[in-house]
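Visitor: Once you have looked at the hints, place chain B on chain A.
Protein chains: 2
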Amino acid sequence: MDLSSFLTSLVTSFVIFVVLMLLFACLSARPGNNVVYYPNRILKGLDPVESGSRIRNPLSWISEALSSTEKEVIAMSGVDTAVYFVFLSTVLGILVLSGIILLPVLLPVAITDNGAMSNSNTASNGTINELDKLSMGNITVKSPRLWAFFIATYWVSFVSLYLLWKSYKHVSCLRSEALRSPEVKPEQFAVVVRDIPTPSDGQTRKEQVDSYFKTIYPETYYRSIIVTDNKEVNKIWEELEGYKKKLARAEAVYEASKTTSKPEGTRPTNKTGFLGLLGEKVDTIEYCNEKINELAAKLESEQKVTLKEKTTNAALVFFTDRVAAASAAQSLHAQMVDTWTVFDAPEPRQLIWSNLHIKFFERELRQYVVYIIVALTIFFFMIPITFISAFTTLKNLMKFLPFIKPLVRITVLKTVLEAYLPQIALLVFLAILPKLLLFLSKLEGIPTESHAVRAASGKYFYFTVLNVFIGVTVGGTLFNTFKTIQKNPNQIVSLLANKLPGNATFFLTFVALKFFVGYGLELSRIVPLIIYHLKRKFLCKTEAELKEAWFPGDLGYGTRVPGDMLIVTIILCYSVIAPLIIPFGVLYFGLGWLILRNQALKVYVPSYESYGRMWPHINNRVLASLILFQVTMVGYFGVQRFVYAPLLIPLPISSIVFGFVCAKKFYPAFQHPALEVAAHSLKEHPNFEQIFRSFIPPSLSSDKVDDEDFEDALSRSTSFV
Amino acid sequence: MDLSSFLTSLVTSFVIFVVLMLLFACLSARPGNNVVYYPNRILKGLDPVESGSRIRNPLSWISEALSSTEKEVIAMSGVDTAVYFVFLSTVLGILVLSGIILLPVLLPVAITDNGAMSNSNTASNGTINELDKLSMGNITVKSPRLWAFFIATYWVSFVSLYLLWKSYKHVSCLRSEALRSPEVKPEQFAVVVRDIPTPSDGQTRKEQVDSYFKTIYPETYYRSIIVTDNKEVNKIWEELEGYKKKLARAEAVYEASKTTSKPEGTRPTNKTGFLGLLGEKVDTIEYCNEKINELAAKLESEQKVTLKEKTTNAALVFFTDRVAAASAAQSLHAQMVDTWTVFDAPEPRQLIWSNLHIKFFERELRQYVVYIIVALTIFFFMIPITFISAFTTLKNLMKFLPFIKPLVRITVLKTVLEAYLPQIALLVFLAILPKLLLFLSKLEGIPTESHAVRAASGKYFYFTVLNVFIGVTVGGTLFNTFKTIQKNPNQIVSLLANKLPGNATFFLTFVALKFFVGYGLELSRIVPLIIYHLKRKFLCKTEAELKEAWFPGDLGYGTRVPGDMLIVTIILCYSVIAPLIIPFGVLYFGLGWLILRNQALKVYVPSYESYGRMWPHINNRVLASLILFQVTMVGYFGVQRFVYAPLLIPLPISSIVFGFVCAKKFYPAFQHPALEVAAHSLKEHPNFEQIFRSFIPPSLSSDKVDDEDFEDALSRSTSFV
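Protein chains in written order, with our numbering: chain A, 22 to 742; chain B, 22 to 742.
Just so you know, not all the hints are guaranteed correct.
The list cannot tell twin chains apart, which means a pair is met if one copy fits it or any two copies do.
BS3-like mimics (lysine-lysine), calculated; alpha carbons at most 30 Å apart, straight line [stated by the list, open to error]:
{"id": "1", "residue 1": "235", "residue 2": "686"}
{"id": "2", "residue 1": "562", "residue 2": "279"}
{"id": "3", "residue 1": "235", "residue 2": "685"}
{"id": "4", "residue 1": "292", "residue 2": "92"}
{"id": "5", "residue 1": "92", "residue 2": "302"}
{"id": "6", "residue 1": "235", "residue 2": "206"}
{"id": "7", "residue 1": "568", "residue 2": "435"}
{"id": "8", "residue 1": "235", "residue 2": "704"}
{"id": "9", "residue 1": "190", "residue 2": "235"}
{"id": "10", "residue 1": "325", "residue 2": "256"}
{"id": "11", "residue 1": "685", "residue 2": "463"}
{"id": "12", "residue 1": "325", "residue 2": "704"}
{"id": "13", "residue 1": "556", "residue 2": "319"}
{"id": "14", "residue 1": "331", "residue 2": "435"}
{"id": "15", "residue 1": "267", "residue 2": "256"}
{"id": "16", "residue 1": "256", "residue 2": "266"}
{"id": "17", "residue 1": "279", "residue 2": "568"}
{"id": "18", "residue 1": "380", "residue 2": "187"}
{"id": "19", "residue 1": "435", "residue 2": "686"}
{"id": "20", "residue 1": "380", "residue 2": "190"}
{"id": "21", "residue 1": "325", "residue 2": "252"}
{"id": "22", "residue 1": "279", "residue 2": "312"}
{"id": "23", "residue 1": "568", "residue 2": "163"}
{"id": "24", "residue 1": "463", "residue 2": "562"}
{"id": "25", "residue 1": "163", "residue 2": "685"}
{"id": "26", "residue 1": "558", "residue 2": "267"}
Honestly, the hints are just simulated from the structure, not real lab data.
Pulled out of the complex, with its shape left as it was, chain A reads as follows (with noise of 0.2 Å):
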């Protein structure tokens, strides 16, 4: 890629931004689209916009993001976004105390040597261009300057280490105020229990854990939920909640037919065959109306059958006191560790019912085995990118497409396609996986959203960092070095090493679309726009139906964050061979900041609350790509034989050693809630039945079976002991 691609590349991708600006400007203000551009505003019951009903500034929102406070964040959007802002924060200061030695530095340094361009292996790559002048591919072999770029490595290493340490100390302050904040989460008074073993004969599952707690527990143990096989009371009360829908809409059809045609209204009918096109013609209001009925007796009697025999080997138990929760979540409660095994109760929302009953070694069984798909699906993905990244440049592209011939002959399209081309064949493909390993890590029997979550994200980001980074660096020349690394798969090092500079300007464009493509259409949300407009005109008949329509996602950080990671790792990687990406970095991370702020403060609505959990798996992920370009530097200086590339060896060891001390300072803490933390007394008496109640799923709390069944199963309990 030459330098005016490149630069066209940059110029594209920077007017679709500002497209994308414009677009949201007016969109935003027209008080029709409030439900898209303020969702998360408008469910906690406040104006819009925040100075009310003047006409806004077009940038307001940009300095109500910049002023905003994290206490502010976490009070819309919780402490997990609150500790996402931490994340981008931290790499921001990480790339900009960089960016202010390595930049001024750096650059001089390697512009001002010369000749060093036709030693340099890159010159085999046909990339030489005035870009890599910028870099330290330009510096000669052995040359005193590389001190420069040796300094920066550490540098880099210790504004990295510095901020990272801040930020966990910072993260750990959060997550603890939270928890021992004074008002009620039903969660810290709750424990899950799982593997519990068979009960003795004429026990019931209750009894035995009611028995069971209320021996360890005397004093702070309150009740017990069992887990129960929801499968078949689901699927009834799915149905039903379907009907309960149909019915609402056929009225509201009925409604609006009185005042449009008729005054008496028209009836709505359907056919009660396959997809409403077969079948005998009935009218629906009626007929949903006999199907709740029957639904609803039927969810009675299987709510029933389900509390009763339906029990499973886990409970959720509940005690009347913080610490007691807290101590009974981290403790052992039976000599056979495998059996009783507790951890803390995630929210009501995130518990995975269906996980629940997986025993202790099937868990760790279907841990293995889905590690060794995954790890299967990210070493045969890296033979598509590596053909990806191979074809898709044009020339390969009109040597195996010769019909695209005529199109690649006009410039502009040319200089386009070229610069763009492998960027957006790498972006598709990374955007089908997600899912897949969202179901994989639910299929380990993880039992809570969050977990589950920072699972596929882990995954993922092995999966960028392996595929798209390493791939793309050493696969965007395989097919010239294949045999080299079949002789010597213990090179891969120095192989990286050798290879980067030449992929330099193609990450370059890959951060620039990143940050103004993506970023561009985060702000404006015109697929949400689109999506709820043509839903608004042409589907939602009811309330309930339109807010489905509008109602935002969360942030997402099972791909938000391996994303994000990508960039860490690529811009960590290059930053001191071509320093010139760590403006790029800044951008990104710069842009991100404000503009998920605006999203965060106004749009997403997290569909859970961690406590910032995800900060650990953060901080081991950025560490790693930390470790990964000082592994990459050591290679790197060892090609460009300075003698004195050994020294850079106490860099990993110490970011390992950070991490370790990490691990062993903080961590627990995010595993567990601290004693001292639980400790702290509460605003009011909680009331304990609520609790309790908060846990019970809908499909087992709806109507009046709960009052009977559940009190039935607790009087019992009570009784027992």
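Guide: Showing chain B alone in chain A's frame:
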């Protein structure tokens, strides 16, 4: 070594054993020796001989040992000892079950194969003899007879894993039974807290600790003891105790002189200078009384200073409830995990006070430093071991030490020397190390005696396996194959496999020596007997001194377990290659079980009780030996060019999985008491005051000081809340 010297060695060992047994029979029957042969019974207040006065059958100890139950062992010597017997009987079981299949099958298979020895590389060793015909080395390469050995490998592995599993389960039960016992055990009500942060201004440590725990455990918190720096006070206390002993001794001498010489007696005198040899001559009784008074006052003031000013960042915290203590010992207390770290208190006598104040990361650092030192020790001991095994053949000795030639001409002596020289060298060599390793383990900052012993034992295990087993096996011919190793350092497995058969007889005699002479000495207690009688005659004047002279030690797990482990490793590794070693192993563990049963019931007094925490350590090391065996077998079948050798690879994998499952299913219950166990009710209401006092070290509790200062500190604490 040829067959005759092997047999000589066996016969000599056996003769020594018989002599020692006869000695034991004679000596143990004399009532004057009761304190040497039955100290444990005497200390427990029982009759030395069970059946009372009648003349004992000299072999009755055997039937007594055989008929003793595990419960009796626990009652007499604690759970740790019972667990050690589980280890002995597990290994015995493995060997017996292996032997009854392997011996009748493999020996005939091996001996009926002809002419292979000339091919096998043991030929180059000059050790071909009749014994080698019974080993796998006698099988023609690629012979289908190897299938018998192949199946034998599977059988040994299966038997080992099966019995290990059963034993782990059994030990887990033993531990939980001991911990659920209704007896009040002080350590079950206490927790050790380390890494307490610096108290805020104007707050004493005591107030800080009390207020912290009162907040978290308002109901169950009882009291605390702040760990103090006792160096000074211990020194004074020891000096004081020394003078008290001296006084008692002088008084006894004076009393004795009254009866023997003149009626008024001779008042003993001593010199006050260096070692009682120089300086002024004084009346001992007066001098001691003077000193005692002086030191008592000094101690009292030092105790006050210590309690007030020398507090450290550690504390013992007491609870009024076993469950609360057990749960507190395993819960995270502080948000910063390197502060307020807790672990369950060991018995008072086990606590290493001087290690408690060491800070979190200093402990980690010390651990790694010690690991490096131990690794270096293990590595550099290879060199002397190699020399020893190469030099200590008689031929070499004669060459290097020509003056022993006339000695060697005596045939019997020559044979004996030839048989024993290398083994004795080895045994002496191994006797130096354990103290160093225990010292190093305590340097790590380990806070309890039992843990330090386990750590030392682990280090010793690596030492013996790496140096003695692998060192001797490979190093026995190292001079010949030194260059081969240098060229192919990766081929250590196949090298080991190559060298194993050649050293079979060496290890046979090693094992025989260990059990006949080692256990003979153990049972007869010749050395403690002689020491006791010498002391009684010449040194001891008072009852207390006499008791000190016969007071027995404990079983000494720190060296005993690794010693046994070395035998386990040797026998497992040779079990299929040279099945003749199995009967030797059976004898070793059978005799060991019998003789140590006697010693545990009658002689040794355990110096601590860790409720079987040694077991996971033992289990993992037996497993490691098994894996070494399996890997060696894969290598050895490779050497024998058996094409199905890769079919053995599932064996080490399944052993690793086994270890993993054990660690998940059983191990945590050995780290911390399970709550269901701690929740069992007690026989009586515990006396908390007594529990609390039992943890105060003698140097701080003597006289009346504690009653003032501790009470003072305590009343402050109780009034504080």
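Visitor: I'd like to know which numbered hints this structure contradicts. Please list them from smallest to largest.
Guide: 4, 5, 7, 12, 13, 14, 19, 23, 24 and 25
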